[in-house]
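2 protein chains.
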Amino acid sequence: MDKESLMLTIAVLGGTGKEGKGLAYRWARAGYRVLIGSRSSEKAVTVASEIIELLEGAPSVVGTTNRDAAEQSNIIVLTVPYAAHRETLESVKDLLKGKLFIDVTVPLVPPKVTKVQLPPAGSAAQEAKEILGEDVQVVAAFQNISHKHLVGEGGVDCDVLVTGTSKEARAEVLKLVEAAGLNGWDAGPIENSVVAEALASVLIYINKQYGSTHAGIKITSVDKK
Amino acid sequence: MDKESLMLTIAVLGGTGKEGKGLAYRWARAGYRVLIGSRSSEKAVTVASEIIELLEGAPSVVGTTNRDAAEQSNIIVLTVPYAAHRETLESVKDLLKGKLFIDVTVPLVPPKVTKVQLPPAGSAAQEAKEILGEDVQVVAAFQNISHKHLVGEGGVDCDVLVTGTSKEARAEVLKLVEAAGLNGWDAGPIENSVVAEALASVLIYINKQYGSTHAGIKITSVDKK
Chain A
1 MDKESLMLTI
11 AVLGGTGKEG
21 KGLAYRWARA
31 GYRVLIGSRS
41 SEKAVTVASE
51 IIELLEGAPS
61 VVGTTNRDAA
71 EQSNIIVLTV
81 PYAAHRETLE
91 SVKDLLKGKL
101 FIDVTVPLVP
111 PKVTKVQLPP
121 AGSAAQEAKE
131 ILGEDVQVVA
141 AFQNISHKHL
151 VGEGGVDCDV
161 LVTGTSKEAR
171 AEVLKLVEAA
181 GLNGWDAGPI
191 ENSVVAEALA
201 SVLIYINKQY
211 GSTHAGIKIT
221 SVDKK
Chain B
1 MDKESLMLTI
11 AVLGGTGKEG
21 KGLAYRWARA
31 GYRVLIGSRS
41 SEKAVTVASE
51 IIELLEGAPS
61 VVGTTNRDAA
71 EQSNIIVLTV
81 PYAAHRETLE
91 SVKDLLKGKL
101 FIDVTVPLVP
111 PKVTKVQLPP
121 AGSAAQEAKE
131 ILGEDVQVVA
141 AFQNISHKHL
151 VGEGGVDCDV
161 LVTGTSKEAR
171 AEVLKLVEAA
181 GLNGWDAGPI
191 ENSVVAEALA
201 SVLIYINKQY
211 GSTHAGIKIT
221 SVDKK
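These protein sequence lines map, in sequence, to chains A and B.
Just so you know, we're using our numbering here: the first sequence kicks off at 1 and counts up by one.
Just so you know, we're using our numbering here: the second sequence kicks off at 1 and counts up by one.
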């Protein structure tokens with residue numbers, strides 16, 4: 001654990017879902033303090049103890065309410081179904097000022113989850129930006145990583161496209177991508193979050209079409225310096 | 001050249017641009033009859049002769065006007081800058097009924113080409129569908145293949161996401177993807193064209209950011225049967 005991760009606490013709101021649990025596991029493993037948030041703190045406590053068990057140790061993972069997790073953290077990650085996106089954001093909005101917010105939400109509209117149906121704001125992340133206002137840095141990331149990849153030791157054959165309201169915020173999130181054992185790319189301004197969010201429907205379609213369960217993407221023909 | 005390609009003529013409208021020329025080259029090499037269309041038939045004739053020269057032979061590549069190319073072909077491919085998208089479609093609309101239309105257009109809005117700025121219809125391909133009406137099958141493809149990859153013999157390290165108004169039309173286009181020496185995926189309904197079109201801005205951003213010139217994508221963790 002380096003000096004910086006010692007100082008950082010990550011809240012994973014909606015962290016009792018599969019994706020949130022997977023990300024919380026990866027960051028706890030990397031030495032970050034992680035607060036699992038949920039509408040029900042009881043459920044969050046259960047998931048926190050499951051992660052501690054997976055890690056066979058006593059990392060700093062705590063289950064609590066969404067508001068408590070948001071209040072105690074510098075970095076707030078949201079991993080809820082799209083139907084709960086606005087409501088959850090409104091419920092913690094006052095606690096996010098001056099902080100870094102990471103939106104993992106994919107705006108799927110059941111039952112047609114294989115068809116791209118983006119919200120009027122352009123993407124869920126742009127909607128979050130509208131709700132949270134200018135005082136919050138909003139970054140979109142991790143939408144295409146299958147939760148099956150996250151809870152496990154193996155490498156992950158899917159890149160993370162990181163888009164957001166400032167280059168500095170994207171750089172912060174790229175560190176968290178790396179800490180989670182994933183490969184990330186600075187993919188530009190928050191408007192570009194459309195790609196990763198819409199790609200979720202395309203990957204679900206490809207999974208069904210070609211008999212896979214965890215299709216992903218890789219950026220090709222670029223060498224990182 | 002198989003039986004089927006003998007029967008098919010492909011029009012590449014705006015085929016004097018780099019992307020159109022590259023695709024025309026690939027299909028001519030595979031044995032298709034290709035008509036290069038342009039507003040200026042003179043320019044189209046020049047590009048056709050350049051392709052014949054590249055292929056060191058006398059394949060069936062002819063330069064003509066956009067309208068003439070569209071009229072003589074079963075498959076019409078559009079590769080124009082977005083600014084000319086609507087105008088070109090309106091100019092050939094009456095000749096496309098009952099045919100297969102492939103939109104390669106990327107809705108970039110200069111000067112901010114690294115920022116996703118999709119049209120009100122959702123994507124250029126959905127805009128084409130609105131313009132052309134129900135009698136035309138509309139498929140979106142090839143938006144992310146660098147023209148540098150196309151004119152040359154090497155493999156192409158970038159997949160083609162094929163989206164469109166019917167599964168049959170997508171299957172037809174997947175054959176053309178293969179004929180061009182590329183790897184394609186049925187990526188679902190025409191609404192999903194958002195991904196490949198928006199990805200164009202993200203790839204341009206990544207090229208600038210990481211010092212590349214032809215970033216692409218690959219779908220991972222799926223085996224084609």
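Quick caveat, the hints were computed from the structure, so don't treat them as lab data.
Where hints are given, some of them may not hold.
The list treats identical chains as one, so a pair stands whether inside a single copy or across any two.
As the list claims (entries may be wrong) - Each computed DSS-like pair below joins lysine-lysine, with the alpha-carbon atoms no more than 25 Å apart:
1. 224 to 18
2. 112 to 18
3. 218 to 148
4. 218 to 175
5. 43 to 112
6. 97 to 167
7. 112 to 167
8. 93 to 224
9. 97 to 224
Here is what the structure says about each hint:
1. In this assembly of identical chains, the alpha carbons of residue 224 and residue 18 never lie at most 25 Å apart, being 31 Å within a copy and 27 Å across copies at closest.
2. For a Cα distance limit of 25 Å, the shortest separation of residue 112 from residue 18 inside one copy, 21 Å, qualifies, whereas the shortest one across copies, 37 Å, does not.
3. In this homomeric assembly, residue 218 and residue 148 come within 25 Å of each other (Cα to Cα) both inside a single copy, at 17 Å, and across copies, at 20 Å.
4. Proximity of residue 218 and residue 175 under a CA criterion of 25 Å is satisfied in both settings, with 18 Å inside one chain copy and 23 Å between copies.
5. Proximity of residue 43 and residue 112 under a CA criterion of 25 Å is satisfied in neither setting, with 29 Å inside one chain copy and 45 Å between copies.
6. Taking the closest pair of Cα atoms, residue 97 and residue 167 come within 25 Å of each other only inside a single copy of the chain (18 Å); across copies the shortest separation is 47 Å, beyond that limit.
7. Proximity of residue 112 to residue 167 under the C-alpha cut-off of 25 Å is restricted to the inter-copy arrangement: shortest distance 16 Å between copies versus 34 Å within a copy.
8. With identical chains, the CA atoms of residue 93 and residue 224 are never at most 25 Å apart, being 36 Å at best within one copy and 45 Å at best between copies.
9. For the homomeric pair residue 97 and residue 224, neither the shortest alpha-carbon distance inside one copy (33 Å) nor that between copies (47 Å) is at most 25 Å.
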